[in-house]
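Colleague: Chains as they are written, first to last, in the numbering used here: chain A, 97 to 147; chain B, 1310 to 1694.
These aren't lab readings, by the way, just hints derived from the structure by calculation. Quick caveat: nothing in here was measured; it's all calculated off a predicted structure. Where hints are given, some of them may not hold.
[As the list claims (entries may be wrong)] Result set (DSSO-like, lysine-lysine): computed pairs, CA atoms no more than 30 angstroms apart in a straight line:
#1 1340(B) with 1315(B)
#2 147(A) with 1331(B)
#3 125(A) with 1354(B)
#4 1378(B) with 1538(B)
#5 1688(B) with 1354(B)
#6 147(A) with 1354(B)
#7 1609(B) with 147(A)
#8 1378(B) with 1689(B)
#9 1448(B) with 147(A)
#10 1538(B) with 147(A)
#11 147(A) with 1340(B)
#12 147(A) with 1363(B)
#13 1354(B) with 1448(B)
#14 1674(B) with 1448(B)
#15 1354(B) with 122(A)
#16 1315(B) with 147(A)
Chain residues, written in single-letter form:
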Amino acid sequence: MSALVTIVYYAMTAFVAVLLIWNFIKGRKWQEEILTLIVLIPFLLRILRLK
Amino acid sequence: MIQTRKALIAFIGAVLVVCAGKSFYESRHLKEPVVAGPGVTRVRKLSEFFRGIKGSANDANVYVLEGKKPGGSILLLGGSHPEEPAGRLATWVLTENAVSEQGRVFILNSANRSATTVTRLGGAYPPDFTIKTPWGGQKFRMGDRWSNPLDQWPDPEVYVHYPTRQELAYVDVRNLNRAWPGRPNGTLTERTCYALIKLIEAEKIDIVIDLHEAELQYPVISAIVAHQKGADLAAMASMMISGSEGFTIGVEYSPEVLRGLSHREIGDHTAAISLLLEAPEPFLDATRGRTDRELLLTGKDPFVVRAGKRGLLFERIDEKGWPIDVRVGRHTSAILQILEVWSGERPERGVVLTGVPRYAEVIEKGVGAFLRDPAQADKKALFFE
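Let the sequences and hints guide you as you build the complete structure.
Modeller: What follows is the structure, given as structure tokens:
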């Protein structure tokens, strides 16, 4: 059960990370791009299992 | 223009990811050398006692010191809570210096090794600390109270202790000192406790001593916490320590209603006497100031001192703080006194150690004086935590 929850958790993390990267690419304002980047960092670290 | 800007921002982000990731990776994978001292006759793995933790983060080294004269057996647990470093350092000092003249000593420097690989999430703890030695210094992982979520996850809404079904705080599902006696098919933390119980049974351990530190705002501090089977032993050791070692230590009786703790469950579920030692660690106090290496090693904090002046503490503190040498020395002397009292009462099950520095000597020379240089060590005697 824990393994299943973990897999779902990482899948959700990766999904949100992809959305943030998409937002970053499509963004027009530099302030929004920096904000997106700051939000993205912990998601990337979590996917890489760095904690 | 926009593409250049995005590339620049992305580059800065990548630098931040690499810097943070490097710090986290090094914190989790820092190798801590242990030079097995002249008394270490064997080094075993905890998984030899229970295969269910083989290959896990908690398959810890078990250093065995065997005396020529037969006697009893004791188990010393350092690192049940790695954020209480005096416990780990005391076991390090014993592993690298102690010689058993009678009986056997089993030592774990990292009882919950997983918890040594992470720090308090959101706590801004330092990732490591360095003990000065005559040959430079030795770096240790800072560690946390709980197993690393990378090794045991997710946490439940409420932690239901096995086998009593007592409800405890959710995060304590990863607390080694709330998971005793453990179970073979449980979480990593429960399986670690189960492996330790199997060790205690297989090696006919007489006494288990679990080494801890506590915040000064916690009432159970500067004390030997004893299961009822060890109450007399703890009381006598407390008197001997207070009379001859240069510091005082009290006795607290293990409450029967609070489950999962080593001093309760080991005594209840095995033939061993279970004792837990608490030394003062201002680093853990909620009213502390900056949480850095300096505070960890010196135990000096003006905010905790102020709390003491307002009568909010259960242990004294002044501007001298509670240095790591004092805290480690309290543990080594307490262990020696417990063994001396035990060996006097039960000579046929005695455990006699030599080569272990006492409280005054650790303070005089510093704990680093009792750590061996891994660069000068025989490769066969070199191990890593």
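Colleague: Against each hint, give a clear statement of whether it holds in the structure.
Modeller: Structure-based check of each hint:
1. 1340(B) with 1315(B): Status violated; Cα separation ~39 angstroms.
2. 147(A) with 1331(B): Measuring from Cα to Cα gives roughly 10 angstroms; hence the hint holds.
3. 125(A) with 1354(B): Roughly 56 angstroms between the alpha carbons, so the hint for residue 125(A) and residue 1354(B) is violated.
4. 1378(B) with 1538(B): 26 angstroms, holds
5. 1688(B) with 1354(B): 18 angstroms, holds
6. 147(A) with 1354(B): 26 angstroms, holds
7. 1609(B) with 147(A): Answer holds: residue 1609(B) to residue 147(A) is near 29 angstroms, not above 30 angstroms.
8. 1378(B) with 1689(B): 25 angstroms, holds
9. 1448(B) with 147(A): 20 angstroms, holds
10. 1538(B) with 147(A): 42 angstroms, violated
11. 147(A) with 1340(B): At roughly 17 angstroms apart (the allowed maximum being 30 angstroms), residue 1340(B) and residue 147(A) satisfy the hint.
12. 147(A) with 1363(B): Distance ~23 angstroms between residue 147(A) and residue 1363(B) Cα, so the pair holds.
13. 1354(B) with 1448(B): Given pair residue 1354(B), residue 1448(B) holds - Cα atoms ~23 angstroms apart, limit 30 angstroms.
14. 1674(B) with 1448(B): Cα-Cα ~18 angstroms, so holds.
15. 1354(B) with 122(A): Measuring from Cα to Cα gives roughly 53 angstroms; hence the hint is violated.
16. 1315(B) with 147(A): Holds. Residue 1315(B) to residue 147(A) sits at ~27 angstroms (cutoff 30 angstroms).
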